Structures are given as structure tokens and as C-alpha cells.
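Participant: Given the sequences, and given the hints that come with them, work out the whole structure.
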Amino acid sequence: MTGFLATLRAEVRDLFRHPLAWAGIAASAAAAFIFARYAPHRDNGYTVYGAALHAGAQIAGFFLLGLSAIAVSGERSRGTVRFVLPRPIARSAFVFGKATALAALALAFLLFTAGTAWAGARGHGFGDVKAEAPAGEDDDGFHYVDEEVVDPAFLEAAMRRRVLLATLLVLPALLTATGLGVLVSSLLASPAAAVLVAIAVALPLNYLPEVMGLAPDAARALPFRAASDSLSGLVDFGRHLSTSDWPAYGAVHLLGALLAAVGLPLLGAAFFSRADLTD
Amino acid sequence: MVAAVLCQGLKKRYGPHEALRGLDLEVPEGALFGFLGPNGAGKSTTLRILAGLVRADAGRAELHGTDVRRHVAASARTTFLIENAVFPPHLTARETLRRAASFLRVPADETQLDRVGLGHARDRRTGGFSHGMRQRLGLACALVGRPDLLVLDEPQNGLDPQGLRTIRDLLREENSRGATVLVSVHRLAEVEGLCTHAALIVAGRAVRAGPVDRLLEGGEPRYRISVSDPRRAQEAMGIPCEASDGTLVINADRERAAAAAAACVRAGVKVFSLEPLRRTLDELYLEEVGGAGGP
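Chains as they are written, first to last, in the working numbering: chain A, 1 to 279; chain B, 1001 to 1295.
Accuracy of the hints is not assured; some may be wrong.
Here are the simulated distance ranges between beta carbons [what the hints assert, rightly or not]: (1) B:1128 <-> A:13: 16 to 22 Å; (2) B:1109 <-> A:119: 45 to 51 Å; (3) B:1021 <-> A:13: 40 to 46 Å; (4) B:1213 <-> A:13: 45 to 51 Å; (5) A:17 <-> B:1017: 37 to 43 Å.
Computed footprint of chain B on chain A; a stretch qualifies when at least three of its residues, placed anywhere within it, have a C-beta under 8 Å from a C-beta of chain B [as the list claims (entries may be wrong)]: (6) 69-80; (7) 263-277.
In case anyone wonders, no lab produced these hints; they're calculated from the structure.
Nothing here was measured: the structure is a model prediction, and the numbers come from that model.
From the three backbone atoms N, C-alpha and C, an ideal C-beta is built for every residue, glycine too.
Facilitator: This is the structure we're talking about:
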């Protein structure tokens, strides 16, 4: 893919100078921090971190979707493809250079968002996550009293592993968003249309993993949960998995996300390579 | 010898509009080649096909013997300026030049900015450039890496007279160092006396092509006669002629032109010079285009 490195270098420089990129990083990092900072104090830091990361990642996803949707279409509408593509650069290298630069930006989004989520969650203190078992009666007539229980899956050591895995899982999820954006961007010449189509397609796909599954019962009490759930979409796989099940869930999620992150730009590159650029 | 540019039977259709209808074109190595034609004749489509931006529906196009469908190999020794130059607006002129060089994997030669008259603006962002400055920067980027072939699509667009002169000088210099230059224009005055070769394209086909001298051969013989008193000279010659700035242009062969000059002398009119006139590209153009969509 001749021209890949040259395109990648140019794109990384352009993306990290793009005001929308820094606005997005600031917005998602701020959202994560505020979410964590103002969560009820009875919640555990790990729980708060998971919820705050999820909130920030939602915003990051939208910004990355937008930025990737204008990556190719923006160049076409501005006419700068006439500056780049007559040079000895394969069009597939052009598309993949952009996709890879967006992946680097996604990593920056994650680092900033996770960092501020962690900073906000520190005030809550870390430790074992306790779940409340409310008083009641089961079908056989047994009576229960209120008590706090600690599931082995929510002991502090397990929570650390969950936090790390959940954080790592956000990256391929964000890459799915950029992959989708790059595909749409390669198909459409209008940046506005590309952004709208990318968002319309991404919303029902639930590309973000349910990182609030870190500590489901405690997370339920968090503020803004309803809004967050409506954004996160339809499925809630991670919520009641034990720590030992997470690698399997993570592997499936990771594989799907990586397929999307690589496969969607590949499709876009195949289309874009055959398109007549008359803009 | 392999042609720098070769097009054979090139066809391209955009929906119902047939932009190219079997274009044949050969640009010899070392030529300064003018690609002429009215607006909508197919010049830009041809250059976009050469640049790999548009795919031909049929026919062949080659740069230095390499099919343009193998874009990376075909464009390795060629630089392009396609239509109005547009650059990422946040980059400075210097950064834009460096980027162009990085795409070609050659060192960024910043003296090119001085050559096109942008030395003073090298650290200004291109987003604030005028149209003429962008054209100059586009040309500077096309000059980076000392290409063997420059393909320029109406590079004179938006330039002031000084800019036009700069472009003409640069094209001559590049051609003198051995580069082939293919430049598309629709204002013929800008290439008159500049190009060694030319092709005239009308409605998607090349109707005339070859060395400029040969293209301008033929047609009705004409002479320009410079005299002290054009009005009296016109009466003395007794043949129809066009008067302009103390000179007369007569449609006549060598013998009749000499006779006309002698008649002027006999009538007491001083004859300063008598020179044969060649056809101009303008005239050739109007013959082929028929006055429609003039230059």
C-alpha cells in the first residue's frame, strides 16, 4: 500500500490539530469526570469509574463517528483530494492511513476519558463492592432480612481486573465507530450526509460494550443511568457476568470490534478505489 | 522513443453526457505541449484520467509507457496541478510544500516557493490565500522533486499579469531542463509563442495535434506591410487590406505582396518592412471550433 505511511503522518498531524478532536476529547473527559465526581458517595470507586467511563465513551464515540465520517468525504467536498491523490499514493493506502490515524485519536480519547474517570472516582474510595440483598419472601415461604453481601466476583482484586478489561474493551468499541465512519465517508461525497448516515447506522448497533457491568447492582443507583442506558442501546450482555466469564465475553466483543474496525474501512477502500472523483 | 503521454481511443461518459469520444493524444518527451479547447471540450476529464482521479470507460492512457490504471507506478515521475489548487486550510505554504514532497518521498525544496513568488508567504496559512496565491502554491508543489512530466490544468486561472509571466517563465525553465510539460488552457494568447507542440480538442476528440509550427502552416498566405501613410498606401495598392497601428495586412501571395509594396513606393509612400504572416493559434482554433465557445 504505497503512500500509507505518508498519509498516516499527514493525517495524524491534521487530526490532532483539528479543533473538533480536542473539543471531543475535552467533552468526553469532562463528562467522565463530572459523572464520577458527583456520583452518590455511598458507591464504590470501581463502580463509579465504570459508569463514568461509559458516559465519557458515549460522547467520545459520537465525536469519533463524526470525525471519521468527514475524513474522506471532507477531502472530496473541499477538493483537497486533487492535491493528494494525483501523487503516487494508492487510494486504499489513503483510506487506511486515515483509518489508522483515527485509531490513534480513539486511543487518545480513551486515555483522557479513562484518566478523568479514574480521577473523579478516587474520591469514592476503592475496595470490595457490596450489593444489597433486600428483605423479602421467596416462593417457598422463606423469609430474608436486609443484608449487604459481597459476591466473590466483586472482591477488590476481581474488580481491578474488571476495570482494566472494561477500559481495554472500550478501545475496540471506539474503533468500530471509526471504522463505520470511514466506510460511510468513503461512500458519500457530502460530509453532512456522511455524518448523519453514520450516526443513524451507529445508534441501533450498540457499538459500546456495557462497561457498567463492572458492578451492576451498585451501578443501578447512579444518577443519569436512564439516559446512559438509552444511549448505550439494546443489549446488556456484561451486566451479570462473573469475573471468570469476562474473558470469553471480551474475546467475542474484541473479535467483532476488530473485524468491524478493519473490515469496514476495507469495504470503504474497495469502493473508494473505483469511484470517479469529479469533485 | 516512449511518449511522455499517450492516449488512444479514450472514452468517458458522465450519465447522458459524453465527455470523451475516442480521444487520441501523444505528447512527445521533452515537449512543451499546449492542450487547447473550449470549455467543456474534455480537457479536464482527460487530465483527471491521467491523474488517476477518473477512470476511462474505454481506451488506453499511459504516462511514460505505464498504464494510468497502475496509478502509483504511472505517477512516480509525474506531478499534477488539477484545476483550481485547493489545500488543507490549516497548513502554511511551507507545510503544504513539505507534505507534497513527503507524498513523493523527496526532500522538500523550499526554493520552489521563491520561484513562484511566495517566498514572503511561506509561513502563512493557505486558508487565507487568494486564488492566485493558491495557484502559485499549486505550481510550487508540482515543481517539487524535479518531475520528468508536469501536467497542469489551467494553471494561469486567477493570476495577475505578473503571475502569468512567472508561469510562462517557469514552464520554459522546466522544459529547458528536460521536463515534458502538458498544460491545458482555453485562452490561446497564453500559450502562443510558448508551446512547442499543441493539440486542439473539440467535443471530446482531438481535431488537430502536432508541432505548433506545422499546425500553423497552410491557410491563405498573408503579408504585413509597414508604411509611412497607411491611407495612401491602401489607395496605391488597390487591394483589400486590414489596417492596424500604421501597418496593413494583405491577403496575397509573395508576388502580389511585392507588387503591392512597389505600388506604395511609386505613390511616394515609404515602405519600412514587408513580412509574411503565419496563421495564429486563434485562427486555427476558430477554424475548428467555428466560433462557438470562443477562446
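Participant: Next, verify each hint and record whether it holds.
Facilitator: Against the structure, the hints:
1. A hinted range of 16 to 22 Å holds for the C-beta pair residue 1128 (chain B) and residue 13 (chain A), which are about 19 Å apart.
2. With their beta carbons about 48 Å apart, residue 1109 (chain B) and residue 119 (chain A) fall inside the hinted range of 45 to 51 Å.
3. The hinted window of 40 to 46 Å between residue 1021 (chain B) and residue 13 (chain A) holds, with their beta carbons roughly 43 Å apart.
4. For residue 1213 (chain B) paired with residue 13 (chain A), a C-beta distance near 49 Å keeps the hint of 45 to 51 Å intact.
5. Distance hint check: the CB atoms of residue 17 (chain A) and residue 1017 (chain B) are about 40 Å apart, consistent with the given range 37 to 43 Å.
6. Interface restraint, the segment 69-80 of chain A with chain B: holds (3 residues with C-beta to C-beta distance below 8 Å; minimum three).
7. Remark: the segment 263-277 of chain A is confirmed as covered by chain B, as 3 of its residues place a Cβ nearer than 8 Å to a Cβ of that chain, reaching the required three.
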